[in-house]
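Participant: Heads up: the sequence shown at position 69 corresponds to 682 in the working numbering, and the numbers run straight through without jumps.
Be aware that one or more of the hints could be misleading.
Restricting the straight-line Cα-Cα distance to at most 30 Å, the calculated cross-link-like pairs of lysine-lysine (DSS-like) are [claimed, not checked]:
no., residue 1, residue 2
1, K684, K651
2, K727, K684
3, K727, K697
Quick caveat, the hints were computed from the structure, so don't treat them as lab data.
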Amino acid sequence: SSMVSSSSAAGSTNTARYVDRLISRANRGSVSQADVDKAQAHFEAARRANDAKDYQSACTSFERAYLLLPKPATLVSTANMYVKMGNASIAAEIYHRLLAESLPQHMHDFIADKLRVIQPSE
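Let the hints inform the model, and build the full structure from the sequences given.
Facilitator: Now the structure itself:
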């Protein structure tokens, strides 16, 4: 599969908008135990789908888990699925957003490494 990175303005605008929408829809209030349980179920489903190499399903489940319980690690997993599906632009956008947040150093380094792999500096 050819990894064609869409460097067109329209492509990057849509990518940014997509990630904006995902992050803005995430639960910002207090998270109920029911939401935690649902998020955990989505997360487990995502891991099973990933193990089965069904990256589209895994991606959807990780996103659902993130919306209910917005943890940076879940967003990283979502981005990883986009990488596996050959959609590096959405993954890169998510990684950049995460790096702009105050994260534990080990997670920051992990994401920076991921970003270097999919976006080698020219």
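Participant: Now look at each hint and say whether the structure bears it out.
Facilitator: Verification of the supplied hints:
Simply put, K684 and K651 have alpha-carbon atoms about 14 Å apart, close enough for the 30 Å limit, and the pair holds. At roughly 18 Å between alpha-carbon atoms, K727 and K684 fall within 30 Å of each other, so this suggested pair holds. In summary, the hint linking K727 to K697 is supported, as the alpha carbons are separated by about 12 Å, within the 30 Å threshold.
When held up to the earlier numbered hints, the structure conflicts with none and fits them all.
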